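Single-letter residue listing:
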Amino acid sequence: MTVAIKDRHADVGAAPPSRRRGGTSRRAVPWWFTVPALLLFAFVVLVPSARGVYYAFTDWDGLSPDFSWIGFGNFADMVDDPAATQAIWHTLVIAVAITVLQNGLGLLLALGVNTIIKSRNVLRVFLFAPALVTPIVSAYLWRNILGPDGAVNSLLGTVGLGSWRQDWLGDPDLALWSVVGVIVWQYAGYSMVIFLAGLQAVPREIHEAAAIDGAGAVRRFWSVTRPLLAPAFTINLMLSIIGGLKLFDQVYALTGGGPGHATDTLSTLIYKDAFTLGEFGYSIALALVLTVIVSVASTGQYLGLSRAERAAS
Amino acid sequence: MNRYRARTLTLELVMIAAGLVFAFPVYVLVNLAIRQPSDTSSPIAPTTSPTFGNFTQAWQQGALGGALANSVLVTVGSVVVILAVSALAAYPLARVAARWSRWTFLLIMLGLVLPFQLAALPLYQTMRDLGLLGTPWALILFYSGLQVPFTTFLYVGFLRAVPREFEDAALIDGCTTLQGFRYVVLPMLKPVTVTALVLNAVAVWNDFFTPLLYLSGGAQQTLPVAIAGFVGQYVADWNLIFAALVISIVPILVVYFALQRSIINGFAGGLKG
Chain S
32 MTVAIKDRHA DVGAAPPSRR RGGTSRRAVP WWFTVPALLL FAFVVLVPSA RGVYYAFTDW
92 DGLSPDFSWI GFGNFADMVD DPAATQAIWH TLVIAVAITV LQNGLGLLLA LGVNTIIKSR
152 NVLRVFLFAP ALVTPIVSAY LWRNILGPDG AVNSLLGTVG LGSWRQDWLG DPDLALWSVV
212 GVIVWQYAGY SMVIFLAGLQ AVPREIHEAA AIDGAGAVRR FWSVTRPLLA PAFTINLMLS
272 IIGGLKLFDQ VYALTGGGPG HATDTLSTLI YKDAFTLGEF GYSIALALVL TVIVSVASTG
332 QYLGLSRAER AAS
Chain R
862 MNRYRARTLT LELVMIAAGL VFAFPVYVLV NLAIRQPSDT SSPIAPTTSP TFGNFTQAWQ
922 QGALGGALAN SVLVTVGSVV VILAVSALAA YPLARVAARW SRWTFLLIML GLVLPFQLAA
982 LPLYQTMRDL GLLGTPWALI LFYSGLQVPF TTFLYVGFLR AVPREFEDAA LIDGCTTLQG
1042 FRYVVLPMLK PVTVTALVLN AVAVWNDFFT PLLYLSGGAQ QTLPVAIAGF VGQYVADWNL
1102 IFAALVISIV PILVVYFALQ RSIINGFAGG LKG
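Top line first, the protein sequences correspond to chains S and R. All residue numbers for the first sequence refer to this note's numbering, where the first residue is 32 and numbers rise by one. All residue numbers for the second sequence refer to this note's numbering, where the first residue is 862 and numbers rise by one.
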């Protein structure tokens, strides 16, 4: 109680907040508030991840108690395993393609909706709706739409472009891009909403001032809007690149990784190797590769973008 | 630039066209879900004699009622635990400048980059040993730990921007720290709690990989896994499958259209948090 009384005396003098920070007179918030969260986090993430790192260097099959330490054996196998090298490549291609296309489209939609068109509120609500649909559900819907007798091919036939009809998911050269297309459809509205929140923070007066000074629409976007959108870019790029690197549901439902391994990502291969082939050690080694890729990508992006954000502000 | 001109009308039409392209899959979904299996006309031709038989059949044969109940249980249970432990943990992490606090925060933030594929398989073994595999409790426990880093991050970011004078006043008036948290801090956290609630609920409700691992083979499924099982069973019976997909989407859309402002702001809220 004496502590509290001291504090009150400090307040009488109306000390500025900066002086009060770090004062020893206040009662500290107890450390044990963090315990429930830490226990759950340790049980679900920390301890199993640490064990995962260890298993990546063993030949564990997931069941038997005997397994042996094989050093970098799993990683050496990976180099000679075309399924693994392809999956790493697909994972990177998908992440980059989604990041560019989803955010590009999301930004265009946000700019279009952030005007005085009458349908802006309705469009915002409807364009965002796919982002809430369960990914596995939208993927099954698209599996039919992109099928040989699906709606896309029917539509092409109806408008006289019958020669453009494709087996969108069955053709190894196209399947990966079809997967990308489905994800862009689903999440462009999500990017749009985040860009829109950024755009609405740009005061209209600045635009009008720039317009009066003779800046065209493109110039206004580049010199006025773009720098102020930096935080929205940071969040959007982070979300899409990490989401793209971890992609599982849509590939599982659209193609199952096929045809052959044409659309396998690290996540689908991890699942298959562990649960259909029983190669837990190898599968966890793949998960470790994914972990390294995600860590490098997100740290690099965070550093690069926060520098860009500082430069812009 | 604030007047509706011919160029604005052009933009309006382009945007509506974009909206229609986005809505096209939904049209196909509903169009085929209400179609009789004997009707083999093009998937884009409007269905002439609609039926609701597919919905009753899908509901019964897919055991979707039970799956829906499981999804609700798992989502509500997980989100309550996630929000409670994360808000509690964020309080000292945002307020205490001591070294233990900074290190604990960094340790938790490590969880933002660790993909859970790394932890999923060793954890599978632990869940099996504890006898939790195949039960919704495995999922609630899992999400409660998995979502801690992101949710704590949101709360800490928000709390650091909230002045501490109110808490100090409550302490002076004789509140314990826990009471101060409960009656003073928690009410101020409402905006960020809405964001955390929306993002966590959507993530848990839609997750497929975890229940696929931890519930597979069991009788108790969540909606996404039940749907995947249903598709596997009725491979080419797309009218039936589409009816099942519609059933699984409806609860989400009902909540979305009822609360769209909070939900969209929740998603955009990450920008400020």
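I should point out that these hints are in silico values taken from the structure, not numbers from a laboratory. Nothing here was measured: the structure is a model prediction, and the numbers come from that model. Heads up, some of the hints might be wrong.
[To be verified] With a straight-line Cα cutoff of 25 Å, these simulated SDA-like cross-link-like pairs (lysine to any residue) come out:
id : chain 1 : residue 1 : chain 2 : residue 2
1  : S       : Lys303    : R       : Ala1064
2  : R       : Lys1051   : R       : Gln1094
3  : S       : Lys303    : R       : Lys1051
4  : R       : Lys1051   : S       : Trp63
5  : S       : Lys149    : R       : Val974
6  : R       : Lys1051   : S       : Pro67
7  : S       : Lys303    : S       : Ala81
[To be verified] Simulated DEER-style distance windows between Cβ atoms:
id : chain 1 : residue 1 : chain 2 : residue 2 : range
8  : S       : Trp120    : R       : Arg960    : 41 to 47 Å
9  : R       : Gly1090   : S       : Ala107    : 45 to 51 Å
10 : R       : Gly1090   : S       : Thr146    : 27 to 33 Å
11 : R       : Trp920    : S       : Gly102    : 41 to 47 Å
12 : S       : Tyr333    : R       : Val1023   : 43 to 49 Å
13 : S       : Gly104    : R       : Val1023   : 49 to 55 Å
14 : R       : Pro1048   : S       : Gly104    : 53 to 59 Å
15 : S       : Gly104    : R       : Leu1114   : 46 to 52 Å
16 : R       : Arg963    : S       : Trp208    : 19 to 25 Å
17 : S       : Pro61     : R       : Val875    : 56 to 62 Å
Don't be surprised by glycine CBs; every beta carbon is placed ideally from N, CA and C.
Hint by hint, here is what the structure shows:
1. For a cut-off of 25 Å, the pair hint linking S/Lys303 to R/Ala1064 stands: about 23 Å separates their Cα positions.
2. For a cut-off of 25 Å, the pair hint linking R/Lys1051 to R/Gln1094 is broken: about 44 Å separates their Cα positions.
3. For the hint pairing S/Lys303 with R/Lys1051, the CA-to-CA distance comes to about 42 Å; that exceeds 25 Å, so the pair is violated.
4. Taking the CA atoms of R/Lys1051 and S/Trp63, the gap is about 23 Å. The hint holds against a cut of 25 Å.
5. Between the alpha carbons of S/Lys149 and R/Val974 the distance comes to roughly 41 Å, so the proposed pair goes past 25 Å and is violated.
6. Distance restraint check for R/Lys1051 and S/Pro67: the Cα-Cα separation of roughly 21 Å lies within the 25 Å cut-off, and the hinted pair is therefore satisfied.
7. Among the hinted pairs, S/Lys303 with S/Ala81 is consistent with the structure: their alpha-carbon atoms are about 22 Å apart, no more than 25 Å.
8. In this structure the supplied range 41 to 47 Å holds for S/Trp120 paired with R/Arg960, their Cβ-Cβ distance being about 43 Å.
9. In this structure, R/Gly1090 and S/Ala107 break the distance hint of 45 to 51 Å, their C-beta atoms being roughly 38 Å apart.
10. With their beta carbons about 45 Å apart, R/Gly1090 and S/Thr146 fall outside the hinted range of 27 to 33 Å.
11. For the hinted restraint 41 to 47 Å between R/Trp920 and S/Gly102, the CB-CB distance of approximately 53 Å leaves it violated.
12. Evaluation of the 43 to 49 Å hint for S/Tyr333 and R/Val1023 yields a failure: the beta carbon distance comes to about 24 Å.
13. For S/Gly104 paired with R/Val1023, a C-beta distance near 52 Å keeps the hint of 49 to 55 Å intact.
14. Between R/Pro1048 and S/Gly104 the Cβ separation comes to about 56 Å, which falls inside the hinted range of 53 to 59 Å.
15. Look at S/Gly104 against R/Leu1114: about 49 Å separates their beta carbons, and that is inside 46 to 52 Å.
16. Distance hint for R/Arg963 and S/Trp208: a CB-CB separation of about 45 Å, inconsistent with the stated range 19 to 25 Å.
17. Take S/Pro61 and R/Val875: their Cβ atoms lie about 57 Å apart, and the range 56 to 62 Å holds.
Of the numbered hints given earlier, the model fails hints 2, 3, 5, 9, 10, 11, 12, 16; all others are met.
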